[in-house]
Amino acid sequence: MSLAGVATVWMGFVALFARAAPLGKVREAAVAGLFYPAEREALTGEVRRLLAAAPALPLPPIRALVVPHAGYVFSGPTAAFAYRQLVGRDYRRVILLACSHYAIFEGAMIPAVDAFTTPLGPVRLASQAAELAKRPPFSANPPARVQRPAWSWQSPLKVPPGEDDPHTWDHTIEVQLPFLQTVLPRVQIVPVMYGQIDPAAAAREIIRILDDATLIVASSDLSHYHPYAAARALDQRCVQAMLGLDPSAMSTQEACGQLAIMTLLEIARQRGWRGHLLDYRNSGDTAGDKNRVVGYASVAFADAKGRPTLPGPFPPTGERAPAYAPEARRQLLALARATIASVAAGKPTPARREEEFLPSLRAKKGCFVTLTRKGDLRGCIGHLVPQEALWKAVMDNAQSAAFRDSRFSPVTKDELKDLTIEISVLSEPQALAFASPDALMEKLRPGVDGVILRIGDRMATYLPQVWEHFSTADAFLSSLAQKSGCAGDAWRGAGVEAQIYQVESFHE
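Each residue of the sequence shown is one higher than the last, beginning at 3 in the numbering used here.
Calculated from the structure, these hints are not laboratory results.
The list that follows gives simulated cross-link-like pairs (lysine-lysine, DSSO-like), each with its CA atoms no further than 30 Å apart:
1) K394 to K376
2) K349 to K394
3) K445 to K485
Estimated spans, in silico, between C-beta atoms of each pair:
4) P361 to G497: 39 to 49 Å
5) G35 to L379: 48 to 58 Å
6) P60 to R94: 15 to 25 Å
7) V75 to R239: 19 to 29 Å
8) A215 to G490: 45 to 55 Å
9) G490 to R375: 27 to 37 Å
10) G495 to A215: 48 to 58 Å
11) T351 to P158: 51 to 61 Å
12) R188 to P328: 19 to 29 Å
13) R188 to G490: 50 to 60 Å
14) R188 to R210: 17 to 27 Å
15) G497 to D92: 47 to 57 Å
For every residue, glycine included, the Cβ atom is placed at its ideal position computed from N, Cα and C.
Throw the hints in and build the complete structure from the sequences for me.
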């Protein structure tokens, strides 16, 4: 379903829901106008804009997400990466796990209210909320000491002294709701605010109410107020703990939703889920000062099946693999096709100017252009390392794939209608350390890592998409060795080096 379709369904549902089911006690919005727009139309437009800029990725069934919770101007793009993956999926309830910023208490609070409200309307609590609140360490009204935030006087919420609870002022769950209301308009929630709690004990109880119609969302930012480079290093370790499903490693990380994430990781380990990094950036990349930043990541946990092509894990150095909005993808694919069509017709390549292209397409990037005809490979040429602006690299590689791939004859005009063009944009390749052939196989992630294999003075690469043709890492590496001009088992010998990279690929 398109985002426009989702919005239409949501508007109709809200109207019907409001008529059919009057609300009792509600948790009112506290940060409307502070963390996100207070007006309904403005908020709808902002959420839809953020979602439209995020790509849909080919993931198996998603069971849980880690999503940041800062103001939309700072972490909205990263949050949208997570929620974009829910469009078209069917969930009946979402368990929202968050850690209190303003209250000190034991256990976890699930409020005895009928709904949470935002400018987009109410979000009902699921029946499982009351059920879970009866089981320690959860409760509906734990004793708590609440410290009102400094900005509370600016909030639209007015609460008499002494009547606030751990949920009253906290933004960590509230900022997730407009996204959920847009992509899952009928969903109900189980809102959980953590105080001091044992994540393993919480996980045991949450598992009892999990089913295929339930999604978990752990709300958390990452490191806080470090210089840009230091923050990236800290956040790399934090993301690695998440992708490694390692609650112990997570316990040492600087994430404000640490206990919520640890609970999710306990559940993920028991259920055999796999973590996928969807997006990472920090406030220095969005609207903040690079001298003092907050880190944001969106991570999906999905069934451990299939081989999705993703932006990939947080790289040891350099930038993450980029993520390009639909308009940027369309611009590159149209450019590749126009280039091939022009040369096939005996004309010069199209004359293009840099200012015609979106800013994201002007940066130097490595990329490959792959051509298929009726499902069969027809050409594939690319640059492993950045050499020129991405739009120029696409033009050059499209022409090379169509007319200079020595494995094939040049593409003809008559073939154009049957050609499918795929573009893969690469992250910076990273050296992979390994002590043995078995260790190399263990470190490779099918469907995620592209591999550059060097055997002596020979070199070859396979994009992540090529994994789908092999059932084992052994077979993948043997074929790659043969592609380099060596024997199939040469990758097991001495003098072997490997690098990995990730891609964002998109096709017509």
